[in-house]
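Line by line, the protein sequences give chains A and B. The working numbering applies: residue 20 is where the first sequence begins, and numbers increase by one. The working numbering applies: residue 93 is where the second sequence begins, and numbers increase by one.
Rather than coming from a laboratory, the hints here were simulated on the basis of the structure. What you are looking at is a predicted structure, and each value in this text was computed from that prediction instead of being measured. C-beta atoms are modelled at their ideal positions from N, C-alpha and C, and glycine is treated no differently. Hints should not be assumed to be uniformly reliable.
[Unchecked claim] Coverage of chain A stretches by chain B, computed from C-beta distances (three or more under 8 Å per stretch; other residues unrestricted):
1. 60 to 74
2. 224 to 235
3. 313 to 324
4. 368 to 377
5. 390 to 396
6. 417 to 424
[To be verified] Simulated pairs of lysine-lysine, DSS-like, Cα-Cα distance not exceeding 27 Å:
7. K346/A / K427/A
8. K227/B / K419/A
9. K181/B / K190/A
10. K186/A / K226/B
11. K53/A / K162/B
12. K162/B / K186/A
13. K300/B / K190/A
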Amino acid sequence: MPAPPYRMWEILERARTGPFCEDEAFTMERFLPKMREVIRKHGIEYDPGTPIPSDDGLADAVWQAGLEFFLEVGVLCVDTHRIITFDESEIREALYLIPGEYLVGSGKDSRRLRNRHVEDQDPPFVIFSPDISCDEELFLPMCVAYLKEPLADGFCAPILEESMGLKIKAKTPTELAGSLEHAMSLREAARLVGRPGIFLVAAGTAESDVAQISVSQSDWGVRTTDSRLVGGLTELKIDNALLNKVAHYQQFGCFTGSLTGPIFGGYAGRAEGTAVLQVAYHLMGLLVHQAHYQMNFPFHIHYTSGTTRELLWVASASHQAVARNSKIISVSNGFLNAGPATEMVLYEAAAHALTSTVSGANLWEAAPARNKHKNRATPLEARLAAEVGHACSHMGLTRKAANELALKILARYEDHIADAPLGSEFQDCYDVRTSLPNEEYLELYRRVRAELAALGLVFPY
Amino acid sequence: MEIVQRLVQAVQDGEDEDALALVQQAMAAEMDPLTVVDALTDAIREVGDRFERMEVFLPEMMLASRAMQKALEPLAPHLEQLREKRRQKGTVVIGTVEGDIHEIGKSIVALLLEVNGYAVHDLGADVNALDFIKKAQEFEADVIGASALMTTTMPGQQEIVELLKDMKLRDRFLVMVGGTPVTDAWAEEIGADAWAENAMQAVAVLDKVMEVRRGHASATL
């Protein structure tokens, strides 16, 4: 199957020729009323008692609502004030052409990244990622620590704030320097650990299109067996710089990930709208981003996290919707409230991985401390999430059983979301020389893992 | 009085056409425009409070804000003369810094400041540091609000403070910074006057620094 790219140049051209619309009108006249309409029409309703719903009818309703919403609203290019629109036959054709599986990474380190089904018994593909920025001197040890994790199928490195001691500023030469340093050091870390061909998603330090393009270099930088991300603007909007990335990634030949995080409490409103929008983003990813996989991080407007009860429902309902109705490869990104080396962060990681895996997603773990605080991420949170993902698939866990488990795990942290502990920085709970966790954090991890097992989770080892 | 209650309800429900019709009725009934404006202001502030308590979400607040704007249209001729009587808390220019295209956090802060009595000029995203300052001068602002959503765009906030110093305007404007990766430590490091962890805190933080500023101004007058 050839797609993506799927009719890329015809679609990109619509950013110049589509219907004219101003930003405010796009949100107020198209987005808001259509969202209300599709939620009402399809009778979609959030139930706090089932963060992991088992109702196939609900999943299909969320899919259908997302499809209709995307068709009616389209995607606004804020540079040209034109709406990129589609007709249903194009969407059907693009969905039909998805292969549903790619071999990513290279050589002995290559792995199969594929779309999963609801209650799939094959383990999820797990991309380990700290999702935060770090001190320049911690970049290599952090990368090594994550790459040492055996369950990591892929890796996305932390973001640099400084390069050669200079503060990195987007759209300036320092961003080019930082992006280069990021790509080179990441490649070096992968080689050092003995996984030179591991699937890498890079380079997060490169925010601008120019900086991303500068690291497309198969010798020392991002290879065609690696992946890049292209995001959107809140909500269902894009600009020319993002479209430049779309075109470049296809022409360079790497895998494209569509990076989208609908905001619970934002334009999409409550949980129902956030789930519908997440489905629409899968279609935007396929058709506008020309993506090979969709990376999802729906998050809470107040807490910037994805592990509240409502957000677990959003992840579950939207991933079930996509898994039941398409071959789109979905990856679910955990945004956790608490920081590393706390009991809470481990329970949050477990809840996110459990919910996502049983609902048909792959995993991207994890952003602790609300994705906000420098150096506050370690591989142990991601390790536990990956182990939970493997456990649920090996157990053949049903959504119903997973929901019971999720309710028990939620009870361990839900009351502390507003005042979640910040925890420790990487260098305080890891030995930066060996890139291994200290005994104290390991002991906490072992205890929480044992408690999860006592709750009913059967780890394969 | 019944008209005012219905008007408040229409604004809070985001029914802009109803709100407009009710204001027109109020004007036809020769109600005091100041009473109507005060009722509208209270109504929209209540919506802002509900948003903070998570009783309503952004779409409801946006629709209420639009209904409020619509309701104010027939009152425009009266607003100029009312301006003396209505005390605005201050004027803010706000935007997302250069190189950063993320808008929603900044837009929510702008909306919350507006419903809480500030005059707000939203400059949009990817705003050059000098443009923040030029616009602040143009609108005679009290505050420059600069948002950054990426660690690599945060230096844009520092650039505003540095430029203000170089232009000998540092004391003229308060600088408030925010955005997901922005911390109080960063605000302190770059010499910003205020930092808010999220949109909901921004109003309270700004109220406080504005109060200090006013106190300082009257003490030095």
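Now the hints, each set against the structure:
1. Coverage of a stretch by a chain is defined here by at least three residues with a beta carbon nearer than 8 Å to that chain's beta carbons; for the stretch 60 to 74 of chain A and chain B the count is 0, and the condition is violated.
2. Counting residues of the stretch 224 to 235 of chain A whose CB lies closer than 8 Å to any CB of chain B gives 3, which reaches the minimum of 3, so the coverage claim holds.
3. Under a criterion of three residues with beta carbons nearer than 8 Å to beta carbons of chain B, the stated coverage of the stretch 313 to 324 of chain A is upheld, 3 such residues being counted.
4. Using a Cβ-Cβ cut-off of 8 Å, 0 residues of the stretch 368 to 377 of chain A lie near chain B, which falls short of the minimum of three, so the contact claim is violated.
5. Here's how the stretch 390 to 396 of chain A fares: 4 of its residues keep a CB closer than 8 Å to some CB of chain B, so the rule of at least three is met and the hint holds.
6. Coverage of the stretch 417 to 424 of chain A by chain B is violated [criterion: at least 3 residues with CB-CB distance below 8 Å; count 0].
7. Annotation: proposed proximity of K346/A to K427/A is violated, straight-line Cα distance about 32 Å (limit 27 Å).
8. In summary, the hint linking K227/B to K419/A is not supported, as the alpha carbons are separated by about 56 Å, beyond the 27 Å threshold.
9. Simply put, K181/B and K190/A have alpha-carbon atoms about 36 Å apart, too far for the 27 Å limit, and the pair is violated.
10. Of the pairs offered as hints, the one joining K186/A and K226/B holds, with about 25 Å between alpha carbons and a cut-off of 27 Å not exceeded.
11. Between the alpha carbons of K53/A and K162/B the distance comes to roughly 22 Å, so the proposed pair stays at or under 27 Å and holds.
12. Under the criterion of a C-alpha separation no larger than 27 Å, the hint pairing K162/B with K186/A is inconsistent with the structure, at around 46 Å.
13. Taking the CA atoms of K300/B and K190/A, the gap is about 35 Å. The hint is violated against a cut of 27 Å.
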